[in-house]
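Could you build all of it, start to finish, from the sequences and the hints given here?
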Amino acid sequence: MSHGQVHFNTIAVHGAGKPDLAKVRPVSVPIYQSAEFVFDSAEHGEAVMSGKEPGFCYTRMGNPTSQEFERRMALLEGADDGVSFASGMAAIAATILSYCQPGDNLISSSPVYGGTFGLFKDLLPKLDIRIIYLPAETIHTELDRHVTPRTKLVYLETPANPTLDIVDLQETIKAAKRHNLKVAVDNTFATPCLQRPMEHGADVVMHSATKYNCGHGDTIGGVAVADKGDIERLRIVAYKNLGGTIAPITAWLLARGLQTLPLRVERHCRNAQIVAEFLEHHPKVDRVRYPGLKQCCGADVALKQMRGGFGGVI
Numbered sequence: 004m005s006h007g008q009v010h011f012n013t014i015a016v017h018g019a020g021k022p023d024l025a026k027v028r029p030v031s032v033p034i035y036q037s038a039e040f041v042f043d044s045a046e047h048g049e050a051v052m053s054g055k056e057p058g059f060c061y062t063r064m065g066n067p068t069s070q071e072f073e074r075r076m077a078l079l080e081g082a083d084d085g086v087s088f089a090s091g092m093a094a095i096a097a098t099i100l101s102y103c104q105p106g107d108n109l110i111s112s113s114p115v116y117g118g119t120f121g122l123f124k125d126l127l128p129k130l131d132i133r134i135i136y137l138p139a140e141t142i143h144t145e146l147d148r149h150v151t152p153r154t155k156l157v158y159l160e161t162p163a164n165p166t167l168d169i170v171d172l173q174e175t176i177k178a179a180k181r182h183n184l185k186v187a188v189d190n191t192f193a194t195p196c197l198q199r200p201m202e203h204g205a206d207v208v209m210h211s212a213t214k215y216n217c218g219h220g221d222t223i224g225g226v227a228v229a230d231k232g233d234i235e236r237l238r239i240v241a242y243k244n245l246g247g248t249i250a251p252i253t254a255w256l257l258a259r260g261l262q263t264l265p266l267r268v269e270r271h272c273r274n275a276q277i278v279a280e281f282l283e284h285h286p287k288v289d290r291v292r293y294p295g296l297k298q299c300c301g302a303d304v305a306l307k308q309m310r311g312g313f314g315g316v317i
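Under the numbering used here, the first residue of the sequence shown is numbered 4, with each subsequent residue one higher.
Treat the hints with caution; some may be incorrect.
[Said to hold, decoys possible] Here are the simulated distance ranges between beta carbons:
{"id": "1", "residue 1": "F42", "residue 2": "T166", "range": "47 to 53 Å"}
{"id": "2", "residue 1": "S44", "residue 2": "A19", "range": "21 to 27 Å"}
{"id": "3", "residue 1": "T13", "residue 2": "A45", "range": "18 to 24 Å"}
{"id": "4", "residue 1": "K21", "residue 2": "L245", "range": "29 to 35 Å"}
{"id": "5", "residue 1": "P265", "residue 2": "I14", "range": "43 to 49 Å"}
Hint data in this document are derived by calculation from the structure and do not stem from the laboratory.
Note that the Cβ used here is the ideal one computed from N, Cα and C, for glycine as well.
Given below as structure tokens:
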């Protein structure tokens, strides 16, 4: 059909038709800034939307750009796949609601990030989900005594934001698995460069990608990674039901940030160690909290489970 047979307004919307991308091989991850995707037929659309065939239908349910970010994070953490979110808090909320129902409880290390505490304090009680807090330093020894038939999840944050309290991942996860409990770990302050909770048996690992993963202070995002069974559960809650979907441009920025993550984290750790040691001996400083200092609470555990440094926060 020639353009002369097509209405002017139609050309403005559709142009000369969709571009043929079959032979396009970009070096960088493309930004698929599209809300919907085209199917070959109604049958093809049904197959993709039902999960019988791989593909994309609606960016709220998945997008090629966000998928690339998710897969990179999963590879870095040693997981099968990931789900990206509009924020770290969306990742945390989706993870908890994937496992806990009204009447259930979860056991959490304490302290936790302020946003997480707000979720635990203000929202989860309204859903009849109870939180049992145990100190980060001793949760691995106390957990057995606090598990009930309605305990569904153990939630850990290490190093904690911003107090840097350390949880013994190996021993705490071992205790949780004695009761067949799922374990979710917020690994934001460590990043996979320094700590990989799934190596210790964690089921889900979450990040506020806004922080180290992004690295440039220009976007908000989150991600959760897990193995196949757990990630499918997360996809249903995160994408289908809650809708805390990441924007393609945000996923692209985060994927770009990962390219320099190892370099940035290494420098963060080096600089933080120097500053912490300086402050530790300063006459006007009473106390310094940093896992890289031998006298800091949890330093021995951090040394055991973190490699390459202890993060950039003091």
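Structure-based check of all given hints:
1. F42 x T166: 47 to 53 Å: holds, 50 Å
2. S44 x A19: 21 to 27 Å: holds, 22 Å
3. T13 x A45: 18 to 24 Å: holds, 22 Å
4. K21 x L245: 29 to 35 Å: holds, 31 Å
5. P265 x I14: 43 to 49 Å: Given range 43 to 49 Å: holds, Cβ gap about 48 Å.
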